[in-house]
Every structure is written in structure tokens, then in C-alpha cells.
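Take a look at the letters that make up each chain.
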Amino acid sequence: MKRLLDIEFHKFKYSKSSKVLTIIYLVIVVLLMFTGLIEVTINNFTGSLSDLGIFDFPYVYHLSTYMVSFLKIFIAIVIVSLTASEYSNRTLKQNLIDGLSKKELILSKFYLALVLALLTTLLVFLVSLSLGLVFSDYTEATAIFSNLDYFLGFFVSHLLFFCFCLFAGILVKKSAFALGFIFVWWVFEGILRLISYGIDLKMDVQTYTYLENILPLESASLLIVEPFSKVSIVKGGIETLSGTFEKDYGVHWYNVLVCFVWSALFIYWAYALLKRRDL
Amino acid sequence: MEPILSISNLTKHYGAVRAVNDVSFTIQKGHVYGILGPNGSGKSTTLGMVLNVVNPSSGSYSWFGGTTTNHDALKEIGAIIERPNFYPSMSAVQNLELVCKIKNIATTKILEKLEVVDLAARKDSPFSTFSLGMKQRLAIASALLNDPEILILDEPTNGLDPQGIRKIRDIIQQIAGTGTTILLASHLLDEVEKVCTHVIVLRSGTMIYCGPVDEMNKNFGSVLVNASNKEQLLSFITTQDYFGSVTDSADGYEVVLLKAIDTAQLNELAFKNGIALSRLAHKKQSLEDQFIALTKNH
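Quick mapping for you: the protein sequence lines, in order, are chains A and B. In case it helps, the numbering used here puts the first sequence at residues 44 to 322. In case it helps, the numbering used here puts the second sequence at residues 654 to 951.
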């Protein structure tokens, strides 16, 4: 495993696009940390965002994992381009001739995806921990160590997305088209959900709930649901409009399971595709 | 002798097209092999199969007597296929470091091998800035990193200028001189003739010859003879049983030989018959002529 990771990190380290995108990712994460200082006016409230209590433990975990999740597209582009450029530069062929097996090749890419998912999770944990320590009103250990399952959700959703990108890169062979494929798949999931919503309305069945928990991208996005309606000021607003408001914000074990299954499938399919192909 | 590579009944179909059809041969240690064949005769596909990048439709092959897995065997091999493939943004050294990591060997030989191919001065330039000749030389350096048991080269001089071709050919001859087994695929026959001891000839996917270069055609070449009295010379020629067909040319008669002869004896015999030869030259048939003849016969 160490050798395979070493090989893949060598490629990562000396690739221009991966360097640039990683820096962009880090810069945006750091910039997001400073949003707490922005002055806002909501209803009759004026003050910085941190005064809203959004950086309180453990809410800060939910908020930051949700927000930083959107940035995973930058890392995803790195993975797609590292994979697809192996085809366009024909280095994939050379790697195999040099003595890497097809299985090792996919595994080395998977290990990189795994490590990047772990590193981004660690990063968001450190960022939210320091935000909390600076701004939170309560810093008791019980508060700090609660709701850590959001990081599990963050990690799992990233791993799934990276595995999907790896698969897309192998399947489509060209970075731009692979990213296009991911986008088309995302639209496709949306259309499927719309159809099932229609079916539910017409036939009085419950396909929608099943479907959204099974589709890979949707299931990953359900791991961490939006945190905004949890903020007291927003929640209060919704309740004045529509009476009582209850929502389940937890990370569900079945979403975690579904994401792991999809990740495994994408890696297996990438391997099966590569094995069958002549290069 | 140890077999390095044994191929048996290797076949590859692309749909209805049979790119390689039932090819079998064995590569022995220490020889320099040439794979000959016109474009599209299945040379690269055959090499692709034994190098684990093309899946065979049927048949099998084994490296080093089948004692290791194929991808481990490939770590002991140096191979360049078609055109050099490296990471464009990495420098020569960084690319070679990656190859070392894949082959699981120390990176200590990188500079030494870059010297062999005359690239040490450009070791830190990105691969994308290299000319085709330099890329091809880097590929050779990369193939040499592990001091391979066998070096496989597929059209190594394709697309190079005359200087580039000469440079690559010198490097190949230098490597052949060290006793490394070489398998060289090419359609440039003089290239193969200069370095190879054995040839494998392919035509539309089928192997039509495998063996030493000299025995490719049962053929003894021809002699070019001339004398001041051409009529007397011609009558002398027709009486000798080892002479075949005669072609008259401005330089004299070109006579196809039917068996091996000693030119000194021929000279002596002609002199005894009262003919003083003004010209006597033995011409071996070129590989090109042999190859054309062989591919015509089948």
C-alpha cells in the first residue's frame, strides 16, 4: 500500500492542475473561516454572523461540514484530471509496461482518493474546532465532542464522490468529458427523482424516499442536510409562517452504508473496465 | 539456453479482423531478435499482448519460464512501445523516479542512464519541452533503469531525423554489445540487418519465419564477374554447375549462385581456363531482398 500511495502522490505532487486546485481549495476554506466577522442585518438583528450563534459547538460542525462540502468539486477535478490524463498522455500504458498491474493502478488511485477524503475531513475538523474555540459561547467538553458524526458524513460523502470521479475518468478517458459525464449524471438523478415524485402523486406510493436514498449523489447529499433552518432566528421565522417545524438533521446509518456500497462498486467497475480494455 | 519469453498460439481478434493469428516463438537469452513485417502485420499487437496492455483472444505466453507473475516479470524488462509516454509537466529525473518507484528499484542509476543517452544536461527540464529524439532517448534511459534482462523496442527510430536515427542505432548497438537480449520491432530492414542475429517475420498477423537471419532464405547470394573476353567468360559460366541464371550488365555478368563457393577457387579455375577476371565480387542478398522474396512466396 505504501508503494502504491508513493507512486500516486508522485503523480499528484508534480501535476500542475492538482497543485493549483489544491491551493484554491485551501484558500477558499481559509476565507470561509473569516465569514464569521461579516456584519449582517436580519429582521431586527444587527451584528456579525458569529453573534447569530452559528459557531457554537456543536452547531459549527454541522454548518462547516455542509458548507465545505460544496468545495469538493475542486478536489474532484484533480482526481478526474489525474485519472483521465493517464489516458491522454498514454502514461497508463507505460505504467503497465513498467510493471504495475491493472489492479495496482486502480488501487493506487483509490488510495489517493481515500487519503484526500481523510485529509479534507481532518482539515474541516480542525477549521471548525478552531472556529468553535474562538467564537463559541460554550466550550465544555460535552459540547465539543457531540455531533461528531457530521465528520463521518463528510468523509463518506467525499469518498463516494472521489470514487465516482475516478470511475468517470476511467470510463470517459478525457477530463472535460468526464466532468461533463458527472454533471449529466447529476441531472439524470434529478430527472429520475422528478419522475418518481410524479409517480408518487399519481399512484399514492412511496418511491421517492427509496429512490433518493439509493441514488449515489443524492444519497451522499442527504448525509449532511442543510443546517440553516436550525439557527434559532431562521427557525423562528419559519415557525411564524407555517406553525410548528420539525426536521431530522442527523447522519443516517443507511446513507453511510449506501455510500460505502456505491464507492466499492465504482472502484470495482473502474477495475473491470480497465481489465477488459486494450490500451 | 534459458528461454526469456515463450509465446504459444497467441491470437488476437479485433471484431472480424485477425490482427495476430496463432503466433508461437521463443526468445532465448543473449540473442538480438528483430520482428519484421509491413505496417499492420501485427508486430505491435504481439508486443502489446506480452507486455500486458492488450488482452489476448486466445493462446498464452510466459516470461522467464513462468516462474513469476506477468506484471512482476515486466519489472525485469525494459520496453518502449510506439512513442515515448511520460508525464509532460515532470522533468526527466522526476519521470524516471516514478518509473523506479513502479519497478520497485533504487533511484541511484538515474543519472548514469541519462548519461548513456546523452540527456544529463537536460535532466531538470520538463518532458514537454523535449524534441522527439530526446523523448525517444529518455524512453530508452527509462527502459534501461533496471539493467533489464531483455530490452523490447517497437519502432524506436520512427519519425526521427537522420542524426536521431544514427544516435538511437548507436545506443542499441552499444547495449547489444553488453550481452543484453533485445527484441526489436521495425519495418526498416537495414536497421534490423545491422543489429539482429535472429528474425521473426510476420505478415497479416501470421508468422512466416522465425530463425537466424542468414537462414531466412536458402540463398547464397550472387557473384559479379567480368573479363576482357566476355564471350569466353559466358561459356565458362554456363559449364559450371553452381551457377544459376545470368544477367548481363555494364559492369559484367551478375550470376546467381546455387551453392556456397570460395571466390579464390573460382578465380583460380577461371585462370586455368585462360580467362583473366577483371572483376570478381560476391554479393550477399540484402535482408530487404530476402524479406520481399519471403513475403511474396506466402
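These are computed hints drawn from the structure, not numbers from a lab. Just so you know, not all the hints are guaranteed correct.
[To be verified] Cut-off 25 Å, straight-line C-alpha distance, at most; resulting in silico cross-link-like pairs (BS3-like, lysine-lysine):
#	chain 1	residue 1	chain 2	residue 2
1	B	Lys682	A	Lys217
2	A	Lys56	B	Lys766
3	B	Lys949	B	Lys925
4	B	Lys756	A	Lys45
5	B	Lys776	A	Lys59
6	B	Lys883	A	Lys45
7	A	Lys146	B	Lys949
8	B	Lys883	B	Lys912
9	B	Lys847	B	Lys949
10	A	Lys146	B	Lys883
11	B	Lys788	B	Lys766
12	A	Lys45	B	Lys754
13	B	Lys728	B	Lys766
14	A	Lys146	A	Lys56
15	A	Lys45	A	Lys56
16	B	Lys776	B	Lys682
17	A	Lys62	B	Lys912
18	B	Lys883	B	Lys847
19	B	Lys756	A	Lys56
20	B	Lys788	B	Lys776
21	B	Lys756	B	Lys766
22	A	Lys318	B	Lys682
23	B	Lys754	A	Lys59
[Stated by the list, open to error] Partner residues aside, some chain B positions facing chain A, computed with beta carbon under 8 Å:
#	residue
24	Leu704
25	Val746
26	Gln747
27	Phe873
28	Leu877
29	Asn879
All C-beta atoms, glycine included, are put in the ideal place defined by N, C-alpha and C.
Okay, the hints, checked on the actual structure:
no., hint, result
1, Lys682(B) to Lys217(A), "violated, 41 Å"
2, Lys56(A) to Lys766(B), "holds, 24 Å"
3, Lys949(B) to Lys925(B), "violated, 41 Å"
4, Lys756(B) to Lys45(A), "holds, 14 Å"
5, Lys776(B) to Lys59(A), "holds, 19 Å"
6, Lys883(B) to Lys45(A), "violated, 80 Å"
7, Lys146(A) to Lys949(B), "violated, 44 Å"
8, Lys883(B) to Lys912(B), "holds, 23 Å"
9, Lys847(B) to Lys949(B), "holds, 23 Å"
10, Lys146(A) to Lys883(B), "violated, 74 Å"
11, Lys788(B) to Lys766(B), "holds, 14 Å"
12, Lys45(A) to Lys754(B), "holds, 11 Å"
13, Lys728(B) to Lys766(B), "holds, 17 Å"
14, Lys146(A) to Lys56(A), "holds, 22 Å"
15, Lys45(A) to Lys56(A), "holds, 16 Å"
16, Lys776(B) to Lys682(B), "violated, 32 Å"
17, Lys62(A) to Lys912(B), "violated, 70 Å"
18, Lys883(B) to Lys847(B), "violated, 36 Å"
19, Lys756(B) to Lys56(A), "holds, 19 Å"
20, Lys788(B) to Lys776(B), "holds, 12 Å"
21, Lys756(B) to Lys766(B), "holds, 15 Å"
22, Lys318(A) to Lys682(B), "violated, 31 Å"
23, Lys754(B) to Lys59(A), "holds, 20 Å"
24, Leu704, "holds, 5 Å"
25, Val746, "violated, 11 Å"
26, Gln747, "holds, 5 Å"
27, Phe873, "violated, 41 Å"
28, Leu877, "violated, 47 Å"
29, Asn879, "violated, 54 Å"
Violated hints, in rising order: 1, 3, 6, 7, 10, 16, 17, 18, 22, 25, 27, 28 and 29; the structure is consistent with all others.
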